[in-house]
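**Q** From first to last, the protein sequence lines stand for chains A and B. In this text, residue positions in the first sequence follow our numbering: the first is 1, and each later residue adds one. In this text, residue positions in the second sequence follow our numbering: the first is 1, and each later residue adds one.
No lab work stands behind these hints: they were computed from the structure. Yeah, the Cβ is synthetic: ideal placement off N, Cα and C, and Gly gets one too. Any given hint might turn out to be false.
To be verified - Taking lysine-lysine pairs in the DSS-like style, the calculated list, with each CA pair at most 27 Å apart, reads:
#1 A:137 to B:433
#2 B:77 to B:276
#3 B:77 to B:100
#4 B:373 to B:303
#5 B:393 to B:14
#6 A:59 to A:187
#7 B:170 to B:193
#8 B:100 to B:193
#9 B:170 to B:14
#10 A:187 to A:161
#11 B:193 to B:276
#12 B:100 to B:276
#13 B:31 to B:14
#14 B:463 to B:430
#15 B:14 to A:187
#16 B:303 to B:433
#17 B:433 to A:187
#18 B:430 to A:59
#19 A:59 to B:463
#20 B:276 to A:187
#21 B:31 to B:309
#22 B:402 to A:187
#23 B:402 to B:31
#24 B:402 to B:309
#25 B:433 to B:463
#26 B:14 to A:59
#27 B:100 to A:187
Said to hold, decoys possible - To be clear about the criterion: a stretch of chain B counts as covered by chain A if any three or more of its residues have a C-beta under 8 Å from a C-beta of chain A, and this derived list gives those stretches:
#28 318-326
#29 357-363
#30 437-444
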Amino acid sequence: MAQKRGISVSLFSTCLADTFFPSVCFATVAVLERFGVDVRVPLSQTCCGQPAFNSGNRKEARRMAAKFLSVFQGEEHIVTPSGSCAAMVKHEYPVLFRDEPRMLSLAYHVAGRVFELSQFLVDVLGVDDPGSTYRGKVTYHDSCHLKRGLGVADAPRTLLKAIRGVEFVEMEESDRCCGFGGVFSVKYPHISCRMADRKIERILETGAQVVTSGDIGCLMNIGGTISRSGYPVRAVHIAEILAGSEGAVP
Amino acid sequence: MEPRVRHFVRNSEKAFADRQLQVALSRTTAKFLENRAAAVAEFPRFEGARESASRIRQEALDNLDAHLARFITEARKRGAVVHAARDGPEAREIAARIAKEEGVSLAVKSKSMIAEEVGLNGALEADGVEVVETDLGEYIIQLAGEPPSHIIAPAIHKTREDVSRLFEEKLGEPYTEEIPALTRIARRRLRDKFFSAQMGISGANFLCADTGSVVLVTNEGNGRMVATLPRVHMVIAGIDKVIPRLADLPVLLSLLPRSATGQALSSYVSVLTGTKRAGDAEGPERLHIILLDNGRTGILQGKYREILKCIRCGACINVCPVFQSVGGHAYGWVYPGPVGSVLAPLILGLPESSPLPNASTLCGACGEVCPVKIPIPGMLVELRGDEREQGLKTPAEVLGMKAYASVMSRAGILEAFQRVAGVVSALLFKERKIERLPFAFSGWTERRDFPAPAPQPFRKLWKRQRGIRPWTR
Numbered sequence: 001m002a003q004k005r006g007i008s009v010s011l012f013s014t015c016l017a018d019t020f021f022p023s024v025c026f027a028t029v030a031v032l033e034r035f036g037v038d039v040r041v042p043l044s045q046t047c048c049g050q051p052a053f054n055s056g057n058r059k060e061a062r063r064m065a066a067k068f069l070s071v072f073q074g075e076e077h078i079v080t081p082s083g084s085c086a087a088m089v090k091h092e093y094p095v096l097f098r099d100e101p102r103m104l105s106l107a108y109h110v111a112g113r114v115f116e117l118s119q120f121l122v123d124v125l126g127v128d129d130p131g132s133t134y135r136g137k138v139t140y141h142d143s144c145h146l147k148r149g150l151g152v153a154d155a156p157r158t159l160l161k162a163i164r165g166v167e168f169v170e171m172e173e174s175d176r177c178c179g180f181g182g183v184f185s186v187k188y189p190h191i192s193c194r195m196a197d198r199k200i201e202r203i204l205e206t207g208a209q210v211v212t213s214g215d216i217g218c219l220m221n222i223g224g225t226i227s228r229s230g231y232p233v234r235a236v237h238i239a240e241i242l243a244g245s246e247g248a249v250p
Numbered sequence: 001m002e003p004r005v006r007h008f009v010r011n012s013e014k015a016f017a018d019r020q021l022q023v024a025l026s027r028t029t030a031k032f033l034e035n036r037a038a039a040v041a042e043f044p045r046f047e048g049a050r051e052s053a054s055r056i057r058q059e060a061l062d063n064l065d066a067h068l069a070r071f072i073t074e075a076r077k078r079g080a081v082v083h084a085a086r087d088g089p090e091a092r093e094i095a096a097r098i099a100k101e102e103g104v105s106l107a108v109k110s111k112s113m114i115a116e117e118v119g120l121n122g123a124l125e126a127d128g129v130e131v132v133e134t135d136l137g138e139y140i141i142q143l144a145g146e147p148p149s150h151i152i153a154p155a156i157h158k159t160r161e162d163v164s165r166l167f168e169e170k171l172g173e174p175y176t177e178e179i180p181a182l183t184r185i186a187r188r189r190l191r192d193k194f195f196s197a198q199m200g201i202s203g204a205n206f207l208c209a210d211t212g213s214v215v216l217v218t219n220e221g222n223g224r225m226v227a228t229l230p231r232v233h234m235v236i237a238g239i240d241k242v243i244p245r246l247a248d249l250p251v252l253l254s255l256l257p258r259s260a261t262g263q264a265l266s267s268y269v270s271v272l273t274g275t276k277r278a279g280d281a282e283g284p285e286r287l288h289i290i291l292l293d294n295g296r297t298g299i300l301q302g303k304y305r306e307i308l309k310c311i312r313c314g315a316c317i318n319v320c321p322v323f324q325s326v327g328g329h330a331y332g333w334v335y336p337g338p339v340g341s342v343l344a345p346l347i348l349g350l351p352e353s354s355p356l357p358n359a360s361t362l363c364g365a366c367g368e369v370c371p372v373k374i375p376i377p378g379m380l381v382e383l384r385g386d387e388r389e390q391g392l393k394t395p396a397e398v399l400g401m402k403a404y405a406s407v408m409s410r411a412g413i414l415e416a417f418q419r420v421a422g423v424v425s426a427l428l429f430k431e432r433k434i435e436r437l438p439f440a441f442s443g444w445t446e447r448r449d450f451p452a453p454a455p456q457p458f459r460k461l462w463k464r465q466r467g468i469r470p471w472t473r
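Could you build all of it, start to finish, from the sequences and the hints given here?
**A** Right, dumping it as structure tokens:
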């Protein structure tokens, strides 16, 4: 297994994982440490501002973005278990600060150092085998912002297929939106649920026991629908599968 | 068409209840998407063509006044009469005047979204002119008395069974579910209209500035008949349809049908230049071109200029998961889907259209397929920002956002919140799920559970695990 001593990473834990799914953060740390990465967690971080930005509340979004940049500036690699949070920093901060040259250059500086977990493992660390064991038939949902926003679709699949005990199966329309969309799922729950239904249908067609993804939002939506209706499948974050430590917190 | 954009939620709930519509939507959008994917895969230069097309459209917009002036001059040289309409009422007035002056009692029409935008048919019919739609889809919905629900497939919401029943009821034709038979019925009915109409009405896919040509891209051949058989041809087109040169057409045509229907090229592409000349076998004796502004000059000057690059292929509509769920009528206006969610606020006004920019998950599929690279998701977010600035957001949302930003402004406050939430959550939600959220969030949990906050947040557990003092930030 490739050990990359000397690489240091700042964990961008995301407010959602921090608050709702600590096990995802621990799994992320565990996978990174497995490859000899030195993981730090800047404790003054809060939220990247995506809910405010996506709903058009620019003032609050800018405030959050400025906070994020002040926390993470100077970090070498910023790694997060969420495609949409990474995409927010990489693509939307420059939009937010388009009229503020000083902040804009800082935004670009930090944007270049942000990675989603699977992207970091494969593209930066050169990992092709996460070195873990996980039992089950697993299908993968492409988060919109991870696939279309960051262009990451192969990395998570490469990693999942290499895990001992995982039977990987593709679903149809794997990159069709699950209907979460942050504020969208609150403002238009009836449409959001329709989209989730179609996603669940595609998941169930595969006969997988587990659906995984690299985005907390999608998993909240898909997992919440599964939990309400009692479908025979679980929604598990990819970090937990890579770590082989589903739901574990110290 | 009377806008009903504000009723988006009600409209979409109606769409969910309509099983036929759901069947029709999933059949047709799936077919369009499949065909498009295949057409793009077989065309390796697709990305390069997108880049060129985007540049051509941008060039046209950057110098729109000059290109328009050139188009008008060249079209007039070749016998066209060019009219300028500032808005819908003016366009209707001009069209009605033309019909009157040319002595028109029957007009055949090729599909045109801009005619829908200004309500052209209604204006002519009010003046006693019979207007017959000749595009099969438009013919169907005209019979049904409905507006189009898609810009290239106006009857996308109808199944063949619907159409069979409609033909039986309105035309007295025997019931058949055979599509070729249905097409033959329409063809037979329309043929006489083509021969007896005094005027043909069409839109334009492109207007070529250097030759004054009107370009029509169609599949049924009705567009060509509309433009050549009657004595008068009336074109109505948005000022944004201008392209600098006839030579720009090939690249645009390499993208439009592929993006729209997945065809390498549509069955017909007509380049119509001027009136019938001596020695021409066919063509109209009179050609009127109405150039419509209807808010476009304003859009051109603002931050949404790029939306005018749109070539109306409908790819963003087909690929949109929200459109696939609710269909075109839910959007309540002429242009549905992502492009409509940008155009409606810009043309009708943001207060009138405020549900639409929010009716997107920002999944990015529209931006990915757009053949002229319009950043549609970014525009939707920008419009949401304008809502806030214009005071169109609900007080609850603004207050909620301010509260959110205050909590998130300091890690200490966030952690205090997380700890309280964790304690409450451990007491109330033993199964780690919330089955009912309050207030504005109640819709979320109608058919889904929401995760309960963890008893202890990651940051607290992390500090304990790594031996960091509890309140360190």
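**Q** Per the coverage rule (Cβ-Cβ under 8 Å, at least three residues), is the region 437-444 of chain B covered by chain A?
**A** Coverage by chain A holds for the region 437-444 of chain B (4 residues, Cβ < 8 Å).
**Q** Given the hint that residue 170 of chain B pairs with residue 14 of chain B, test it: the Cα-Cα distance must not exceed 27 Å.
**A** OK: residue 170 of chain B and residue 14 of chain B at ~25 Å, within 27 Å.
**Q** Between the alpha carbons of residue 137 of chain A and residue 433 of chain B, is the straight-line distance 27 Å or under?
**A** Given that 27 Å is the threshold and the Cα spacing comes to 25 Å, the pair holds.
**Q** Has the given pair, residue 373 of chain B with residue 303 of chain B, been kept, meaning a C-alpha gap of at most 27 Å?
**A** holds, 15 Å
**Q** Is residue 100 of chain B within 27 Å of residue 276 of chain B, Cα to Cα?
**A** Holds, because 21 Å separates the two Cα atoms, which is no more than 27 Å.
**Q** Is residue 430 of chain B close enough to residue 59 of chain A, meaning Cα to Cα at most 27 Å?
**A** violated, 37 Å
**Q** For residue 14 of chain B and residue 187 of chain A, compute the direct alpha-carbon distance and say whether it is at most 27 Å.
**A** holds, 17 Å
**Q** Is residue 14 of chain B close enough to residue 59 of chain A, meaning Cα to Cα at most 27 Å?
**A** Between residue 14 of chain B and residue 59 of chain A the Cα gap is close to 36 Å, so the pair fails against 27 Å, i.e. violated.
**Q** Keeping to a limit of 27 Å between CA atoms, is the pair of residue 402 of chain B and residue 187 of chain A held or broken?
**A** Distance of about 18 Å is within 27 Å: holds.
**Q** Next pair to validate is residue 303 of chain B with residue 433 of chain B; report whether the Cα-Cα distance is within 27 Å.
**A** Roughly 43 Å between the alpha carbons, so the hint for residue 303 of chain B and residue 433 of chain B is violated.
**Q** With the threshold set at 27 Å, check whether the alpha-carbon distance from residue 77 of chain B to residue 276 of chain B stays at or below it.
**A** Holds: residue 77 of chain B and residue 276 of chain B sit about 13 Å apart, inside 27 Å.
**Q** Could you grab the alpha-carbon distance between residue 193 of chain B and residue 276 of chain B and see if it respects the 27 Å cut-off?
**A** Cα-Cα ~21 Å, so holds.
The structure does not agree with the numbered hints 10, 16, 18, 19, 20, 23, 24, 26, 27 stated previously, though it agrees with the rest.
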